[in-house]
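Colleague: Given chain A, put chain B in place with the hints provided.
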Amino acid sequence: MENPRPLWDNPLQFVFACISYAVGLGNVWRFPYLCQMYGGGGFLIPYLIMLIVEGMPLLYLELAVGQHMRQGSIGAWKIISPYLSGVGIASVVVSFFLSMYYNVINAWAFWYLFHSFQDPLPWASCPLNSNHTDYDEECAKTSSTQYFWYRKTLNISPSIEEYGSIQWEQAVCLILAWLVVYLCILRGTESTGKVVYVTASLPYFVLIIYLIRGLTLHGAVNGLIYMFTPKIEQLANPKTWINAATQIFFSLGLGFGSLIAFASYNEPNNNCERHAMIVSLINSSTSIFASIVTFSIYGFKATFNYENCLSKVILLLTNVFDLEEGALTADNLDSMKDYLTSTYPNQYAELLPQIKNCSLEAELDTAVQGTGLAFIVYSEAIKNMEVSQLYSVLYFVMLLMLGIGSMLGNTAAILTPLTDSKFLSTHLPKEVISGIVCFINCIVGLVFTMEAGNYWFDIFNDYAATLSLLLIVLVETIAVCYVYGLKRFEKDLLLMLGHKPNWYWKIMWAFVSPVLIISLVIFYLTDYIRTGTLQYQAWDATQGQLVTKDYPSYALAVIGLLVAASTMCIPLGALIIFIMKRLKRNVSTLE
Amino acid sequence: MYWSIFTEILVLELLIFYLSLQYAWDASEEYLFKAMVAFAMRRYSNKETTQISNVLLCNMTERVSFWFVVTDSAKNVTTVPGSEVEAAIRMNRNRINSAFLLTDNTLQFLKISSTLSPPIESSVPVWLIVFSVVLCLVVAGILFLVVSGIRQRKKNNRESAETGDLEDKCDTPVTTENGIPCDILDLKAGQINGVYAADDERFTPL
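Heads up: the sequence lines are chains A and B, in that order. Its first residue numbered 1, the first sequence is counted upward by one per residue in full-length UniProt numbering. Its first residue numbered 1, the second sequence is counted upward by one per residue in full-length UniProt numbering.
Misleading hints may appear alongside valid ones.
To spell it out: a stretch of chain B is covered by chain A in this simulated footprint if at least three of its residues, at any positions, have a beta carbon under 8 Å from a beta carbon of chain A; those stretches are [what the hints assert, rightly or not]:
#1 134–140
#2 145–152
Partner residues aside, some chain B positions facing chain A, computed with beta carbon under 10 Å [said to hold, decoys possible]:
#3 S45
#4 T49
#5 P125
#6 V126
#7 W127
#8 L128
#9 I129
#10 V130
#11 F131
Because the hints were derived from the structure by calculation, they are not lab data. All C-beta atoms in this analysis are idealised placements derived from N, C-alpha and C, irrespective of residue type, glycine included.
Same shape as in the complex, but just chain A:
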């Protein structure tokens, strides 16, 4: 008798697993950026509309497919139609690419976490140069937090062509990250189910602590006002709506096969409709919650830098003009500057290049997203807080929980189809299959620990899972609605949940979501065609800032391969099945 399919201990584990997977780093480091760029408080309007129109229906669809077919992505799509097994394979390929590079973020989080146990924090001040007379050159040009990220953590090379060597510190952190992931997925749902209790809930505790701390920081209000002031005119900008749609789409993790995998371990009568709505609502509210925290931190950091800048100017003027201390303050600075210009015009003119114009808006305007936000901006804010070690540890533990939670979903998307296949599961126990997958991913991931590794990371981050996912989900929706048949799907849902889906879901699945996804695909393609060559940001150590460079041809080839490898699976899969069926028919007619 075959082994029964493993199940979640209770529906709560399933919900936590979905939340843990969906609530990831993108909620923390992408949504606040989008909010800032596309209209502040006004961005919430397109965001919530897209959630209801796109996010919830597609999430419901994937969960229902997984729960009904009770297989990983390859098996599930094979059941829907044998010609669609390519869709499942494409999902697995995309998940494979994702897990290759995503765990590097966990390695960085571990690195920062281990360095948080020092007093003072290593990114709080610049290191000294060789003869101890001044700060290190590169660090003096930029800030100590940027230096720690680009030099001490990544040891980044000036361009993608210069590979450099593997950084052993990053490599061991990556190995540790993979060992942790292996520990969590080792026993399948048995172990994953317990781990997701922690990875789903701990980030919220830390976010609440940071919310309280953030709101009480000096200058936090500046950031919040800046963020939430709605710029309604941005609603007319099509990019706002497109970014809202893509953010909802990628934030929920649709198309990777992880949701199908998680749902396949459900009891057949689990209410996936309610769970889909709960998960998508929690995901979006976490994004908004995280951006409140992020903007209080932004406000604190911007105010701190602004006041520093002001006191430097005040000090300079006080020293040069031998004024009594306390004569210049932040409030009378402008009037005093005018007074000094008129009374000592020559001296003031000489001094002019050194006097910086301090502006709070300029500090707040430096919108950052991605690893820059998580590792540079936050660590800069943390170093200025009291008890910075504690906040640092909390923050990086939260990043780790978010990252590992998403990795659990990614690896589930790869492993569930593999363990479902009879061939592999009879020959190898699932611990060995998981071990092999983790090992291969770890070895490939060592590429990202080289000196040029971060540039390759950006390539994977920007191109491995963007266009392919849109196409995968488009084919999924069309397959369920038109190939499998909406009526048949309705009957399956009636069996599982006890009621048919109402007209709203049906309209979304059959018309609105495919149209939306097609327009997103068209946007991506036109954007690429319009910009021509692809460029990237390289770190220039001599200037201490990022510069834009063009990708070399082999990098462009890799990008093309990444996109092609997953999208081609869909037509190739259909073609191969078609050929095989033809051959079988020919063979059977001959007999």
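Modeller: Just chain B now, kept in the frame of chain A:
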């Protein structure tokens, strides 16, 4: 007057951040300063000859900055070279700072750049220690789970080997693939009643 023959390189300038003082700056504080400089010179040169009267202050300003020189009473009317005074003060910077309850930032000698003290580095970097602890915990966890999994499987194999003969007779001829009967997998028209065909339903023996 002495002052006119002194060149700049012999004179050291001092800046005190007035607002950082927890006391008023008056003649007594100036006296303390002269005493500290004399102390620094005595420590540096190991001669007991420098007196408070050898330290001269001039050019006092409102925001408390002034110039000072140190004369050498052994040789008449000559000053100690600025480099010596610099070196002496640099050696005893900490003592001078703490006498005035100030720091390097708030008590600035404008020709003496403070040598920045490097952060304390322990022989083994702290991060490696924490890393090794976490690594050991994770590896221990993995080994525990793997070993217990192997033992569980051996127990299951032994049990199923004992009851294997009985089950072989009772297996129904329906071949299953992960709980779903094979014969409907390839057909589009087949329906599966998911609610009732639960996976772990054992086929009852005849």
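Colleague: Now look at each hint and say whether the structure bears it out.
Modeller: Hints, verified against the model:
Under the rule that three or more residues need a Cβ within less than 8 Å of chain A, the assignment of the region 134–140 of chain B holds, with 4 such residues. Only residues whose beta carbon comes within less than 8 Å of a beta carbon in chain A count, and the region 145–152 of chain B has 3; three or more means the coverage holds. Checking B/S45 against chain A by beta carbon gives a least distance of about 25 Å; that is not within 10 Å, so the hint is violated. Given hint, B/T49 at the interface with chain A, is violated; its Cβ is 32 Å from that chain's nearest Cβ, farther than 10 Å.
With its C-beta approaching chain A no nearer than about 9 Å, B/P125 sits inside the 10 Å limit, and its interface hint holds. Taking 10 Å as the C-beta cut-off, the interface hint given for B/V126 holds, the closest approach to chain A being about 5 Å. For B/W127, the shortest C-beta to C-beta distance to chain A is roughly 4 Å, which falls under 10 Å, so the interface hint holds. For B/L128, the suggested interface contact is upheld, since its CB lies about 8 Å from the closest CB of chain A, less than 10 Å.
Because the closest C-beta pair between B/I129 and chain A is about 8 Å apart, less than 10 Å, the hint holds. With a least beta-carbon distance of about 4 Å to chain A, the hint placing B/V130 at the interface is held under the 10 Å criterion. Annotation: interface hint on B/F131 holds; nearest CB of chain A at approximately 5 Å, less than 10 Å.
Against the hints set out earlier in the document, violations occur for numbers 3 and 4.
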